[in-house]
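In the order they appear, the protein sequences are chains H and G. All letters in the first sequence, in the order written, are residues 1 to 324 by UniProt numbering. All letters in the second sequence, in the order written, are residues 1 to 300 by UniProt numbering.
A couple of the hints might just be wrong.
[As the list claims (entries may be wrong)] Partial selection, computed: residues in chain H whose CB lies under 7 Å from chain G:
hint	residue
1	V29
2	D56
3	T198
4	E220
5	A223
6	L224
7	E231
8	P280
9	A284
10	G289
11	L292
Hints in this document: simulated from the structure, not taken from any laboratory. Ideal Cβ positions, reconstructed from N, Cα and C, are used throughout, including at glycine.
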Amino acid sequence: MPAEHGAEGGFVHHACLYGSDAEFLAMAVPFVREGLAAGEPVLAATTPANIELLRDALGERAHALDTAETAYFGRRPVERVSAFLRYHDRRARPGLRMRMIAEPVWCGKSARQVAEWKRMESGLNVLLAGLPLWMICPYDTRTAPRDVAGAACATHPARLDGQRLIPCATYADPGAYAAAMPPPRSPAPPGAARTGPTDRLRAVRGFARERAAAAGLSGERLALAVLAVTEAAGYLLAGEGARLALRAWPEPGEVAYELLRTQPAAAAEAVPAFAGFRPPGRAAAPEDGLWLARTLSEALDVRTQGPLTRLTLRVAGPGDAERW
Amino acid sequence: MVQPHGVRRRVHVGELQPGDHACLLFESDEERASILRDFVLGGLDAQDKILYLSGEDDPPGPGALLDECRLDGTLTALDGRVEVVRLAEFRSGHGQLEAAALLRRLRGAARRSREEGYRALRVAGEPCAALHGGHGLPDVPRLLRYEALLAEEFSSGETLAVCQYDIRRCDPAALDAFESAHARSVVADPLVRTADLVVARTYRPQGLRIEGVVDAGSHRRLRDALGSVAAVRGEVCLEMSGVEFLDLGGLRLLMTFARARAARHRTVELSGLPRHLLQVITVVGWDRTPGLRLGAVHAC
């Protein structure tokens, strides 16, 4: 394996399209072995089947390998980024790089989720930039949809074929990629409840609470929905002269909130494409609240067009049995 | 549990009105000083005259009251506004309280204060110490007779009183009896009182009780309130079962406070934490904050 790739410095992000167990191992075994031999922390976040293959192939050395069943290593993109950063914080050693095999779960995801994960794969190039981390994202072409495998070359600067490194000619700038990959449109229905424009968090909180209760949420679930909406609003209202018009409506399985921010043209500022994906650190940061809103939501999308910023978030509805 | 005695009958010292006969159960001199100080200063604001029932060992004059309040002895605003009555003077040769004589004295003082143009007579005293000279366990029946006397006098609505009982000197049954003899139990004035947020100092356990809404508009107030208990030795307990909303920035203030205490080997307990906030603390990873102890969660 070409040792110069990611040997030092910042984040190195490679894809690996594989179509068989042998192809997976041809990439993974030398990658892990070299890392362990160098004393680097190595994590394999992949399917249980691949973890088993890898352990069998590594023999005794498998004891030193950190593993995570990938479906539970961050269920949604914001949690995934947090999981990567937490692993880094926990295992980082001065002067040593770390390695990760990070295989997303694509099979069975909704169109919206697939779009979110593609955006996040691209966003990792920005979010993890500078970290001494070599990450390889395997894509199983036996199960991943064709468009997903194609997107891998737009979201990773290079891919590995076994141990051969192939630059991705279709790699896209992450910001541009995210802008070109909007979530499926699901506009507010005509009968959506509305309030504002307002710059008062108390009004936002009251509206969020009333609509969550009307949708059937109560207790802890209701309180978390109110917190998600209020934190998102707090982030948007930090802009100078900002005001928010809110709409809310129930959807099957979810409660949707739309926060439309208007700002004086001179103060208008676009929300960065990957704002709110990094978990709060030791010092307070402006995006902390947006991170919490993302984390407490099933989905959160934010788009800026001129002086308008539209943030749409969806929290799980009362029928979501995962949280009962 | 913040106030083990009288949860439903709590009254902030600043909200006492003529006619109130309240008890102050205290466990530290600091606690008593803080509440008594507000009691005295509140009396000045409200144009009340202050009557202090002093103990056998107290020096004559208002010095003992000022000491207990930790008020500057030269506070000129108190000149002529404090009357001192030595309870020991109303004990018979057998140690019995001469109730009728005391009552006459109190009535006389109340009348004089009215004649002098004051709104009301404000009475403070520690009956155990005053009647026993600070020695031995309290004689419960005798103290209750004294309390009954005060209660009768105060029903006129022109007098208010705070009777202090030192928890360290009373057994639980006696405390319950003393507290039952009062309509209300007095607690410290809140450090923060806005339309949305009330933060009050607590002494058993030491800490703060936070009630209402904490958002960006009240972070500074919460930070200041936390600062007021920064010097507490041992554990600080933040009682949070009355928190309706607490944003991430507010939670961060609590974590920063815990971390600062941990540096001095002291802890912070979040007690009665609403369940959803426990979830938020965990999801952020703040459940591992040094110095932080997550107590019982508040049932929804």
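Identify every previously stated hint that the structure contradicts and give their numbers, smallest first.
-> Violated hints: 1, 2, 3; rest satisfied.
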